[in-house]
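Q: As given, the protein sequences belong to chains A and B, one line each in that order. For the first sequence, numbering that gives the first Met the number 0 begins at 0 and goes up steadily by one. For the second sequence, numbering that gives the first Met the number 0 begins at 0 and goes up steadily by one.
None of these hints come from the bench; they were simulated from the model. Just so we're clear, the structure is a prediction, and the values are computed from it rather than from any experiment. Note that CB positions come from ideal geometry on N, CA and C, so glycine has one too. Among these hints, one or two may not hold up.
[To be verified] What follows is a list of derived Cβ distance ranges for each label pair:
{"hint": "1", "chain 1": "B", "residue 1": "P199", "chain 2": "A", "residue 2": "I193", "range": "32 to 40 Å"}
{"hint": "2", "chain 1": "A", "residue 1": "Y248", "chain 2": "B", "residue 2": "C47", "range": "53 to 61 Å"}
{"hint": "3", "chain 1": "A", "residue 1": "I153", "chain 2": "B", "residue 2": "S57", "range": "50 to 58 Å"}
{"hint": "4", "chain 1": "B", "residue 1": "L23", "chain 2": "A", "residue 2": "Y74", "range": "41 to 49 Å"}
{"hint": "5", "chain 1": "A", "residue 1": "I193", "chain 2": "B", "residue 2": "P301", "range": "33 to 41 Å"}
{"hint": "6", "chain 1": "B", "residue 1": "I15", "chain 2": "A", "residue 2": "H199", "range": "34 to 42 Å"}
{"hint": "7", "chain 1": "A", "residue 1": "I193", "chain 2": "B", "residue 2": "D164", "range": "27 to 35 Å"}
{"hint": "8", "chain 1": "B", "residue 1": "I15", "chain 2": "A", "residue 2": "I145", "range": "33 to 41 Å"}
{"hint": "9", "chain 1": "A", "residue 1": "Y259", "chain 2": "B", "residue 2": "C47", "range": "41 to 49 Å"}
[Said to hold, decoys possible] Dumping the calculated EDC-like pairs for lysine to aspartate or glutamate here, alpha-carbon to alpha-carbon at most 20 Å:
{"hint": "10", "chain 1": "B", "residue 1": "K493", "chain 2": "B", "residue 2": "E546"}
{"hint": "11", "chain 1": "A", "residue 1": "K189", "chain 2": "B", "residue 2": "D80"}
{"hint": "12", "chain 1": "B", "residue 1": "K78", "chain 2": "A", "residue 2": "D186"}
{"hint": "13", "chain 1": "B", "residue 1": "K111", "chain 2": "B", "residue 2": "D290"}
{"hint": "14", "chain 1": "A", "residue 1": "K73", "chain 2": "A", "residue 2": "E240"}
{"hint": "15", "chain 1": "B", "residue 1": "K527", "chain 2": "B", "residue 2": "E544"}
{"hint": "16", "chain 1": "A", "residue 1": "K77", "chain 2": "A", "residue 2": "D186"}
{"hint": "17", "chain 1": "B", "residue 1": "K256", "chain 2": "B", "residue 2": "D350"}
{"hint": "18", "chain 1": "B", "residue 1": "K78", "chain 2": "A", "residue 2": "E33"}
{"hint": "19", "chain 1": "B", "residue 1": "K307", "chain 2": "B", "residue 2": "D105"}
{"hint": "20", "chain 1": "B", "residue 1": "K67", "chain 2": "A", "residue 2": "E33"}
{"hint": "21", "chain 1": "B", "residue 1": "K571", "chain 2": "B", "residue 2": "E371"}
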Amino acid sequence: MKIIISWICLALFNVSIISGLILAFIYKPFNAYESVQTITYLVPYGNLFRQIHYFSSELFVVFLILHIILELLKYKIKISASSWNYSVFATLLLFFLMFTGYVLKADLNGLSAGQVALSLIEQTPVLEWFLPLFEDTNIFVWKFYIWHILFLPILIGFAIYKHVDKLKTKYFIIGLGLTFLSMMIFDMPKDLDINLTLVHVTGPWFFRGAENLLVEGISPLLVDIIILIPFMLLISYFYLENRRKTINYLLLLWAALYAYFIFI
Amino acid sequence: MRISSLYKILTIVSTIFIVLFLYLDLDFYDAPFQKNIKVSSPDQCMSCHSTYESLDKSHPIEIFGCAKCHGGNKFATNKIDAHVGIVNNPSRLEHTDRFCSECHSDVVNRIKMNPMETQRGIKHVLQEQWVEKSTGLDDKEFAKELAQSHFAKACASCHVNQDEDIFHDKSLAKGGGCADCHRVEGIFKEVHPKFTTKIPSSTCLKCHNRSNRIGTSYFGKFESEGYGTPYKNGEFTNKLDSSRFYYELPADVHHQKAGLDCIDCHTEIGVMGDGRENIHMEDAVDIKCKDCHSPEFKDFLPDTLAQKLLDLNGTMPTSPKQIAYSSRKNAPLYNLQKDKNDKIQFYRKRDGSAFDLTKMSDKSYHNSSIHERLDCSACHTQWIASCYGCHEVYFENGKQFDWVKKEVTKGKWLEFRSFLRFESPSLGIGYNEKIMPFAPGCQVIGTIFKDKKVEQFHAMAMAGWEPHTTGKARTCVDCHIDPASLGLGRGTLKIKKEKITFSPFYNSKKSGMEFDYAIDAFVSLEGKQFQTTSREKARGFNKEEVEGIVEAYKCILCHREYEDKIYKNFEKSKLLFKEGKTSCLK
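Using the sequences plus the hints, can you model the full thing?
A: Now the structure itself:
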């Protein structure tokens, strides 16, 4: 069962990559919102591929978390240190990839989330040096776009390649089936026109905890550290063999607290 | 279960599911080609709203589409997605920054500071008259509460951004932002409204039909007392609205002779605002009689507000040699034009009808130094509507609709009046230090039912008005020997052995009032001012002025006509009189 879930994770990643490649033919970062809407409403089956891309990515995160939980509960690690570290690295990058995708839709929520992220980077010591890697004064989504379609998929793909002992593509059908199932059950959030002023703007669900921490007056540096805590715990999980149970409790505590700030 | 078995089961289930999904649901993802939706331009709204027509010629729907002004998702081809964030009336002022300001930021900013939106004038007068100058309201905090309550429950229904949906009687509906004035068709109908710059006067009269009723007066309508005659077909006639009626009186000469509307005189800057936070109407209005009747022409420049307004109007020549400008705010009077042959024409904005302009004559009565303080309206007003004694009754435990909070709240006001009459206007010194017509504005006689107690207060005020009943000038006698014109009120004025006496008709004490002067008396013969004003420089005539005006009767008794030769050079005539060189003393 556990191995099936890990393969489904990989399958969902593949579904997301392939649907994303199709969307990339239509998406124009210099006219982002219009091109997303064109994909959604005007391009034949554009909405189908957009929804496949969205739900496969969301499911990937869900199955990945499930995969991590199941692995953590075993307390025994069969893979090498580098494979473990690559997997944590891939997880961190995955959330970054998801976030850039959220910005790329370029609606009110997307652009606002991007702006919050840029401000967070700008106000964090050391991280601020890397602001030019994310900020583009002419085309807001441009660098998020580069990260989303180029660097992050390659880096994550490489990390996954290093993490798994062999690549199996035959689970693709199951990944696609699960994606279609979620498309039938759930609705994709509506895009909000960038001129809307009377709505509550939010970032992606996994970023809302960080947003609310900032709203509560927590310093950007501390928010960055809070975001990185689970990844640091995951890394240490491998090396602190005798403290794995404690680390699990700490991860649970962190998840509970972060969930509180998501729903606050 | 072995992994390979589980894999096979999951694969088979997934494959069946994918095939079924693609077979059953694929069309759903193929909008707009499914359901025969035709892709429209410039946005998808027209796929459903194909019957809607352009707002006006400046906002062609073929170019603007719908979402540009109404928001929503212009790409969406289903109603739910398309209507996310949609705004029904984007011309409401809370939406104008988002929708209108891209092109009309100047106007949007001006209208938000306009007294017709801010109601600063009403608030200012209420504060001054009720809180600062009233008699009987010693608790100033309570007086302030009363003024605010009265504003919210009586006055606040009229402002540009009022919510028109809250009016039960749709014929009385006001508000809606830009639409309040510019919308001419499609109000509360299932068609897209039409906008115009040719604002019909009926739009102005939605609000300007009370207070001193200048809107109705202009059209010769005087509000009657409670019913309209003649009684026809089982009901009253001459209705102003569902509960108010009118008499026919002489209309303003501009309406009588040329059928002019409000917008023919009142300019875009005067009505929409000049960008300043004006308090009172007279601060906002920029037009003066002389702007048309003694106009100043300047070269017509293309690409200016004048050309924009001319193009929008579309009924009159659009390339005049010169146009007139208002003297106060330099607003273009684009309908007063001088053509290439220097012919001056005044155009009616509604339909472009041309009229020859009557220029102000340079006869002595217009240039005489003795009349230099007179506002045109002091002489050229045919009649004025005067509403005396506004009885405001407040029930603290009652409930009434609050036009600010838009809900029923505690406290109820009832309004009555002593009497309403048309008359030759009283005169006084106006806000502009010119002699102009005065009428009650307002004479508040309040009764407060609070905590099983009854309190009373009064705040009696007169105000200078431009009555909008312009016509031939009043006679000399009408002003100089009429006590009402002098501000003394109606009564008997006697001059015996050069001593002036006056006895009023109205007896306030016998009428149950708490003051001892006649309700229509602004000042006494001794120059004592009975009633306040809400303008710093406005006042009734003082003793010297009253005596000076009345003293003229000596001349007027014989020289009754304006055209009389003694008025051609009155200073010289006076000198001759003093030197005994006239025939008067013989």
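Q: Take the hints in turn and mark each one as holding or not.
A: We went through each hint and held it up to the structure:
1. Roughly 38 Å separates the CB atoms of P199 (chain B) and I193 (chain A), a value that falls within the hinted 32 to 40 Å.
2. Judged by the Cβ atoms, the range 53 to 61 Å given for Y248 (chain A) and C47 (chain B) holds: they are separated by roughly 56 Å.
3. A hinted range of 50 to 58 Å holds for the C-beta pair I153 (chain A) and S57 (chain B), which are about 52 Å apart.
4. For L23 (chain B) and Y74 (chain A), the Cβ-Cβ distance of about 45 Å falls inside the hinted range of 41 to 49 Å, so the restraint holds.
5. Checking the proposed 33 to 41 Å range against I193 (chain A) and P301 (chain B) shows it holds: the Cβ atoms sit about 36 Å from each other.
6. In this structure the hint that I15 (chain B) and H199 (chain A) lie 34 to 42 Å apart at CB holds, the actual value being about 41 Å.
7. Distance hint check: the CB atoms of I193 (chain A) and D164 (chain B) are about 28 Å apart, consistent with the given range 27 to 35 Å.
8. Checked against the hint of 33 to 41 Å, the C-beta distance between I15 (chain B) and I145 (chain A) comes to roughly 40 Å, which is consistent with it.
9. Taking the beta carbon of each, Y259 (chain A) and C47 (chain B) are about 44 Å apart, inside 41 to 49 Å as hinted.
10. For the given pair, K493 (chain B) sits about 13 Å from E546 (chain B) by alpha-carbon distance, which is consistent with the 20 Å threshold.
11. A C-alpha spacing of about 7 Å is found between K189 (chain A) and D80 (chain B), which places the hinted pair at or below 20 Å, so the restraint holds.
12. For the hint linking K78 (chain B) to D186 (chain A), the alpha-carbon distance of about 15 Å falls within 20 Å, and the restraint holds.
13. Between the alpha carbons of K111 (chain B) and D290 (chain B) the distance comes to roughly 27 Å, so the proposed pair goes past 20 Å and is violated.
14. At most 20 Å may separate the alpha-carbon atoms for a hinted pair to count; K73 (chain A) and E240 (chain A) meet this at roughly 12 Å.
15. Proximity of K527 (chain B) to E544 (chain B) is assessed by CA-CA distance (about 12 Å); at most 20 Å being required, the pair is judged to hold.
16. With a CA separation close to 39 Å, the supplied pair K77 (chain A) and D186 (chain A) exceeds the 20 Å bound.
17. For the hint pairing K256 (chain B) with D350 (chain B), the CA-to-CA distance comes to about 15 Å; that is within 20 Å, so the pair holds.
18. For a cut-off of 20 Å, the pair hint linking K78 (chain B) to E33 (chain A) stands: about 18 Å separates their Cα positions.
19. At roughly 14 Å between alpha-carbon atoms, K307 (chain B) and D105 (chain B) fall within 20 Å of each other, so this suggested pair holds.
20. Proposed proximity of K67 (chain B) and E33 (chain A) is supported: the alpha carbons are some 13 Å apart, at most 20 Å.
21. Our distance criterion of 20 Å between C-alpha atoms is met by K571 (chain B) and E371 (chain B), whose separation comes to about 16 Å.
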